[in-house]
Amino acid sequence: MKLLHSIIIATLMAFSGAAFAYNCPVDMKKIDAALETAPKLTSAQLTEVQKLRSAGESLHKEGKHKESVETLSKAMVILGVK
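Going by this note's numbering, 79 is the number at position 79 of the sequence shown; the sequence numbering is gapless.
The hints are simulated quantities; they were obtained by calculation from the structure and are not laboratory data. Ideal placement from N, C-alpha and C gives every residue a C-beta, glycine not left out. It is possible that part of the hints are untrue.
[Unchecked claim] Restraint-style ranges between C-beta atoms, simulated for each label pair:
#, residue 1, residue 2, range
1, 62, 40, 31 to 41 Å
2, 38, 63, 28 to 38 Å
3, 25, 77, 14 to 24 Å
4, 36, 77, 11 to 21 Å
5, 36, 74, 15 to 25 Å
6, 61, 33, 13 to 23 Å
7, 29, 64, 12 to 22 Å
8, 82, 38, 16 to 26 Å
9, 50, 26, 10 to 20 Å
10, 55, 33, 16 to 26 Å
Using the sequences and the hints given, assemble the complete structure.
Rendered as structure tokens:
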């Protein structure tokens, strides 16, 4: 029974990692598209969005998908993107 429980947990963790990996590129594309529309942001907000976008991409490339999604979502909030 413990073995089955361990297998189930490992499987769920693998799929959740894949879900985060999938969202990173989608979120980056949403941010890029929003930036192309010249959103009405202060220069400080624009700088913050660009910093978060860059950090999110770096985290994604490092395999830190949960952190990447969290970072990218901060940029999306500033941009008003869902």
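We went through each hint and held it up to the structure:
1. 62 x 40: 31 to 41 Å: 33 Å, holds
2. 38 x 63: 28 to 38 Å: Hint holds: Cβ distance 33 Å, inside 28 to 38 Å.
3. 25 x 77: 14 to 24 Å: 19 Å, holds
4. 36 x 77: 11 to 21 Å: The hint (11 to 21 Å, Cβ to Cβ) holds, given that residue 36 and residue 77 are roughly 18 Å apart.
5. 36 x 74: 15 to 25 Å: 19 Å, holds
6. 61 x 33: 13 to 23 Å: 20 Å, holds
7. 29 x 64: 12 to 22 Å: At roughly 19 Å between Cβ atoms, residue 64 and residue 29 fall inside 12 to 22 Å, so the hint holds.
8. 82 x 38: 16 to 26 Å: 19 Å, holds
9. 50 x 26: 10 to 20 Å: With a Cβ separation near 19 Å, residue 50 and residue 26 satisfy 10 to 20 Å, so the hint holds.
10. 55 x 33: 16 to 26 Å: 19 Å, holds
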